[in-house]
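Given next are the chains, with one letter for each unit.
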Amino acid sequence: GAGVSQSPSNKVTEKGKDVELRCDPISGHTALYWYRQRLGQGLEFLIYFQGNSAPDKSGLPSDRFSAERTGESVSTLTIQRTQQEDSAVYLCASSDRDFSAGEQYFGPGTRLTVT
Amino acid sequence: AQSVTQLDSQVPVFEEAPVELRCNYSSSVSVYLFWYVQYPNQGLQLLLKYLSGSTLVKGINGFEAEFNKSQTSFHLRKPSVHISDTAEYFCAVSVDAGGTSYGKLTFGQGTILTVHP
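Chains as they are written, first to last, in the numbering used here: chain A, 89 to 203; chain B, 556 to 672.
Please note that a few of the clues may not be correct.
Claimed, not checked - Derived CB-CB ranges, DEER-like:
1) T158(A) to N623(B): 41 to 49 Å
2) E621(B) to T158(A): 21 to 29 Å
3) T166(A) to K624(B): 35 to 43 Å
4) Q557(B) to D184(A): 17 to 25 Å
5) T101(A) to S609(B): 44 to 52 Å
Simulated from the structure, these hints should not be mistaken for lab results.
On a predicted model such as this, the values are computed, not experimentally measured, just so you know.
We put the CB at the ideal spot given by N, CA and C, even for glycine.
The whole structure should be built from the sequences, with the hints applied where relevant.
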């Protein structure tokens, strides 16, 4: 079946512009995560959605970052007034709530470059 | 809060040689442990995971890892590597939240395994 998809695959933007990144999770997966992978570093947790519960935003680095999720489907991550330090690969993952410590399925990522 | 340390940023090895990628974690509560692999230009893929039970877990592609609670380690091993194992490997932990589905992962910095012919 279809895996997690993300769009765009690459995004180059000028400093100060807003960008929107999209994630389509695997159908039926209720949990959705956003992570950031900066060059030479591990993945950093950004935000977590689970069903209709309030999202865990504890990993968002600043108030320029926000994310939404429509029901149990598409999620968008928005970065306002982008800065060069926002350049990274943004990864989305989804998992089935039935697996309490289960596998997260990752999308291919969006590579964001802020010039 | 939990943390993960991967002791080697890069590991070069010759084909058919054994390899060990080291991972140590720190947590005040029980954790679940994972190894993910990221092949060039691809997304992350689960290699194996430890939830409970036997401390030796086997994963895909001939990899295995051993959970050592006293040393807070979860090292990844393979007895004989192939060129195709060249990739970046990430160790990760999630907190055992008593059966809830919250599986936020804390990742290590990654280890780049390069297998030479």
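Now for the hints, and whether the structure bears them out:
1. T158(A) to N623(B): 41 to 49 Å: 43 Å Cβ-Cβ, so the 41 to 49 Å window holds.
2. E621(B) to T158(A): 21 to 29 Å: violated, 42 Å
3. T166(A) to K624(B): 35 to 43 Å: For K624(B) against T166(A), whose Cβ atoms are near 41 Å apart, the range 35 to 43 Å holds.
4. Q557(B) to D184(A): 17 to 25 Å: holds, 23 Å
5. T101(A) to S609(B): 44 to 52 Å: holds, 48 Å
Hint violations for this structure: number 2 only, all remaining hints satisfied.
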